[in-house]
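> Generate the whole structure from the sequences, applying the supplied hints.
Protein chains: 2
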Amino acid sequence: MSRLIKEALETVRDLQEVGVVSKQTLRDFEALAVPPPTYSAAAIRHLRENFHVSQAVFAAYLNASVSTVQKWENGEKKPSGAALRLLSVIERKGLEVLV
Amino acid sequence: MSRLIKEALETVRDLQEVGVVSKQTLRDFEALAVPPPTYSAAAIRHLRENFHVSQAVFAAYLNASVSTVQKWENGEKKPSGAALRLLSVIERKGLEVLV
DNA sequence: ATGATTATTGCACTTAGTGCTACAATACGT
DNA sequence: ACGTATTGTAGCACTAAGTGCAATAATCAT
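These protein sequence lines are chains A and B, in that order.
Residue 77 is where the first sequence starts when you use the numbering used here, and the numbers rise one by one after that.
Residue 77 is where the second sequence starts when you use the numbering used here, and the numbers rise one by one after that.
Hints in this document: simulated from the structure, not taken from any laboratory.
None of the values given here were measured: they were computed from a predicted structure.
Ideal Cβ positions, reconstructed from N, Cα and C, are used throughout, including at glycine.
Don't take every hint at face value.
Stated by the list, open to error - In silico lysine to any residue, SDA-like type, Cα no more than 25 angstroms apart, as pairs: (1) B/82 - A/130; (2) B/154 - A/112; (3) A/147 - B/118; (4) B/154 - A/157.
Unchecked claim - Across the chosen pairs, the derived CB separations fall in these ranges: (5) A/87 - B/126: 41 to 47 angstroms; (6) B/167 - A/168: 14 to 20 angstroms; (7) B/126 - A/86: 27 to 33 angstroms; (8) A/114 - B/94: 42 to 48 angstroms; (9) B/169 - A/141: 22 to 28 angstroms; (10) A/87 - B/87: 54 to 60 angstroms; (11) A/173 - B/126: 16 to 22 angstroms; (12) B/118 - A/112: 53 to 59 angstroms; (13) B/83 - A/127: 24 to 30 angstroms.
Structure (structure tokens):
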């Protein structure tokens with residue numbers, strides 16, 4: 077998370093404590109403060125290789141087609157927003173969380 | 077997971093123990109045995125409402141656009157495979173895992 | 001070597017994802 | 001109750017993601 081956003085988030089947290097801002101607003105802000113993950117083609121390939129799985133198996137975990145994974149890794153297509161988020165979850169929590 | 081697949085998975089596990097099948101193959105099979113998640117438009121809306129967040133906030137968590145979430149909930153568009161997997165993760169682990 | 005698994009390339013096609021606008025509904029404070 | 005702010009709906013147009021298939025190439029173990 078960028079430093080600026082982090083500080084802003086702190087501010088909103090303080091404002092919420094004092095009652096200037098609702099819990100809803102705080103939660104909204106937290107969600108918006110979550111940085112959009114980005115993965116280069118190479119990064120995706122590395123991520124998969126760290127788990128020692130083939131493209132086919134990786135695709136199965138992701139619930140995507142082999143063709144899609146290949147195009148991600150070869151830079152022909154970029155993962156959608158949700159797919160990027162999923163990749164970040166995998167990176168931090170492992171493939172197991174998908175099961 | 078369907079009963080048949082579950083049994084087949086057991087068999088492959090046994091085969092692997094005896095050495096007829098490699099660990100790779102077992103892992104491949106496990107991945108393939110993971111059932112593809114499905115969410116109806118209503119199910120997605122319910123999922124979001126369970127977390128008491130607006131479409132905008134939900135979209136931020138998913139790293140998707142508001143427009144996309146709306147179309148999912150109104151049945152105009154269906155989530156991609158990876159998006160479905162992400163929804164299943166959220167359902168089982170909560171929104172927190174995305175941060 | 002050779003056979004099996006895994007990855008690449010290219011083509012064609014479908015549909016998800018997004019942005020924007022104007023409008024409706026609902027909730028909220030005063 | 002009233003006006004206001006938040007939240008969700010509806011329609012449009014467009015871009016690019018996702019998919020399948022088939023043929024070729026690279027990798028790797030035996």
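> Each of the hints needs a verdict: does it hold here or not?
Tested hints:
1. B/82 - A/130: holds (22 angstroms)
2. B/154 - A/112: holds (22 angstroms)
3. A/147 - B/118: Status violated; Cα separation ~32 angstroms.
4. B/154 - A/157: holds (15 angstroms)
5. A/87 - B/126: 41 to 47 angstroms: Violated - the Cβ-Cβ distance for residue 87 of chain A and residue 126 of chain B, about 29 angstroms, lies outside 41 to 47 angstroms.
6. B/167 - A/168: 14 to 20 angstroms: holds (18 angstroms)
7. B/126 - A/86: 27 to 33 angstroms: holds (28 angstroms)
8. A/114 - B/94: 42 to 48 angstroms: Hint holds: Cβ distance 45 angstroms, inside 42 to 48 angstroms.
9. B/169 - A/141: 22 to 28 angstroms: holds (24 angstroms)
10. A/87 - B/87: 54 to 60 angstroms: holds (58 angstroms)
11. A/173 - B/126: 16 to 22 angstroms: holds (19 angstroms)
12. B/118 - A/112: 53 to 59 angstroms: violated (28 angstroms)
13. B/83 - A/127: 24 to 30 angstroms: holds (26 angstroms)
Comparing the model with each numbered hint stated earlier shows that hints 3, 5 and 12 do not hold.
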